[in-house]
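Colleague: Residues per chain, in single letters:
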Amino acid sequence: MRRLNAVTLALAALRHQKLSSALNLLLMAFGVALMTFIVAVSAQLEQGALRDADGIDMVVGAKGSPLQLILSSVYHIDIPTGNIPATAQAELAANRLVAQVIPLALGDSYQGYRIVGTNPDYVRHYGGQAATGVLFGGPMQVVLGAEAARVTGKKPGDSFAGSHGLVAGGEQHVHAPYQVVGVLRPTGTVLDRLIVTSVASVWQVHDTDPDHVGTAASASEHEVTALLVRYASPLAAVSLPRWINSQTRLQAAQPAFEAAKLFQLLGVGADVLRAIAGGVLAVAGLSMLVALYHALQERQADLAILRTLGAPPRTLLVLLLTQGLLLSLGGALLGWLLGHAGVGLLGHLMQAQQNLGLSAWRITPSEAWLLPVAAAVGLLAALLPAVRAYRIDIAATLAHH
Amino acid sequence: MLSITDLTYRRGGQSVLSVPAFALARGEHALLLGPSGAGKSTLLHLLAAILSPQAGRISVDGLDIGALTPREADRWRGRHVGYLPQQLSLLASLSVRDNVLLPGYASGQPADPARADALLNELGLAGKAQAMPHQLSGGQRQRVAIARAVINRPRLLLADEPTASLDDAACQGVTALLLRHAQQSGASLIIASHDARLIAAMPGALVLRLPAREGLPCAA
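Protein chains in written order, with this note's numbering: chain C, 15 to 415; chain L, 72 to 291.
Watch out, some of these pointers could steer you wrong.
Here are some chain L residues pointing at chain C (derived, C-beta under 7 Å) [stated by the list, open to error]:
id, residue
1, Ile121
2, Leu122
3, Ser123
4, Arg148
5, Tyr154
6, Ser160
7, Pro174
8, Ala177
9, Leu191
10, Ile270
Label pairs and their computed distance ranges (CB to CB) [as the list claims (entries may be wrong)]:
id, chain 1, residue 1, chain 2, residue 2, range
11, C, Ala382, L, Ala200, 50 to 60 Å
12, C, Trp383, L, Ser86, 39 to 49 Å
13, L, Ser123, C, Val401, 44 to 54 Å
Hints in this document: simulated from the structure, not taken from any laboratory.
For every residue, glycine included, the Cβ atom is placed at its ideal position computed from N, Cα and C.
Work the whole structure out from these sequences, hints included.
Modeller: Given below as structure tokens:
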């Protein structure tokens, strides 16, 4: 048996004004959904970007756009700026300011997933561990990141030919198939979306390509796409990039710096969207105010009756505020669910082209303010009607009804 | 139980109501008769501690209700007054049963659900407990309002024009219903009306006649 209280009465009143309540709920939900979507996508992209770049102090590659170098070598979402001599790895590793150098040789892909020629340090850097099989060791052996394995369906023992280029549909290197020797556990990083092999295997595919007979590179002419560098000392950040950039073929780019620049650029767009969502929330608040005020006019007699039954003004105030709060929190919850469903949908749609690692139900701390803001909008919208209800003149209202 | 002494109520500087003396013993009922504008509803509002008099005293069981603070007045009204306004004003968003239980929420003293069911049963509304007010006839709504007014066993049952626009039979029926429930609840029933038929319908009730304009009312 339900007990009458402010919540049950407010819910009954909202149910009684179905259309108006539903419209206000949807308006609030729309504003919160938009805000949730923007906040969640920004936060997840930023978290993903930070995770992928974690522990990489500098990327060395061919001259060009430093942002492009970072996007292609760290996040694997752009075309590389070019290649650099493989000998640069040894030269850089010999520098006392450098703790670790991981080579990357890019250029091929399989079903849209990039084949990365590197060494086992790259897998270890992202905490990769074999879920099935083993890590690559011998020539033409590959391990697949968790997502790459799931989507392509490849498992240890299978073989496949890589395609030239970084998108699906390129010319296939059928003369040099890769052997799958392992599948990695999910790491939540870019590694999940890669097919990893040794640099030597990537060279072998191109050195033995029958379409390019006679152009096979000698050991001294081999190239890599980029080198991921970890500093041995913070001092390296000052001198090392300058030293590398002074060399004719090489450029150094710092992921932290480039990512910050990128997010600053994206942030302008996100700010505009946030402002729009804020506007929608404000409109939702205004609409709620109008609806509650209108409802108050219709319910004056009800409220006067409550007063004749002994309800103090405070009870009426609480009742109206509860109504606004329920409407806004209901809308906020619906909007939050819709916003996250939108994030999931975007993640699903983008998976086919460029996986951004977006997950519908990954909750970020930056969403925590959405609920209090929605509650504040609801309370603010209900405040004026609530104060009027508080001040209701019982005798005059009863006389006029 | 109820006594009024030298009561004056003014609105906008003009005297709206003046009652030199009136007394009602426990279990007695009263009829406030007078034309529109005589101050009948105002007197009910004063008796319900909705309004406070500018002069004079209204005492219920020795308590000067005109001297209560607004908060005390709300609490007193919630505990001791059953009020039937002229327009029945059931809450359209609540079921019949919840309307009857509403005084419990308003006064902060939860009403007894078993008593609500018993009242609805007695008033022939047992099958309508979950119905919404718009699904009821005018007579049914009036009976729900009566149940709501007496659920908390008030000392004073105040009814404002309960028989307006009713035919003779219905007038008799409603008055008898109010008297019966007032007696069952141990309440004194005070009806404000311009309907002279109530004199016959409420035998033994004290009649307080209020003139149309300022002037002294006379008790009959």
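Colleague: Quick check on the hint: Leu122 (chain L) CB to chain C CB, less than 7 Å?
Modeller: The hint holds - Leu122 (chain L) has a Cβ within 7 Å of chain C, the shortest such distance being about 5 Å.
Colleague: Does Ile121 (chain L) meet its interface restraint, that is, does its C-beta lie within less than 7 Å of any C-beta in chain C?
Modeller: 5 Å, holds
Colleague: Go through the hint on Pro174 (chain L) and say holds or violated, using the shortest Cβ distance to chain C against 7 Å.
Modeller: 5 Å, holds
Colleague: Regarding the hint that Tyr154 (chain L) lies at the interface with chain C, is the smallest CB-CB distance below 7 Å?
Modeller: 5 Å, holds
Colleague: So the hint says 50 to 60 Å: do the beta-carbon atoms of Ala382 (chain C) and Ala200 (chain L) match that?
Modeller: 44 Å, violated
Colleague: How about Ala177 (chain L): closest beta carbon in chain C under 7 Å, or not?
Modeller: It holds, given that the least Cβ distance between Ala177 (chain L) and chain C is near 4 Å, below 7 Å.
Colleague: State, for the Cβ atoms of Trp383 (chain C) and Ser86 (chain L), whether the hinted interval 39 to 49 Å holds or is violated.
Modeller: 58 Å, violated
Colleague: For the hint on Ser160 (chain L), just tell me whether its beta-carbon gets within less than 7 Å of chain C.
Modeller: 5 Å, holds
Colleague: Is the interface hint satisfied for Ile270 (chain L)? The criterion is a beta-carbon contact with chain C at less than 7 Å.
Modeller: 25 Å, violated
Colleague: Is 44 to 54 Å a correct range for the gap between the Cβ atoms of Ser123 (chain L) and Val401 (chain C)?
Modeller: 22 Å Cβ-Cβ, so the 44 to 54 Å window is violated.
Colleague: Tell me if the interface restraint on Ser123 (chain L) is satisfied: Cβ within less than 7 Å of some Cβ in chain C.
Modeller: Violated - the Cβ of Ser123 (chain L) stays beyond 7 Å from chain C, reaching only about 11 Å at its closest.
Colleague: Do the numbers back the hint for Leu191 (chain L), that is, is its least Cβ distance to chain C under 7 Å?
Modeller: Nearest chain C Cβ about 14 Å off; hint violated.
Comparing the model with each earlier hint shows violations of hints 3, 9, 10, 11, 12 and 13; every other hint is respected.
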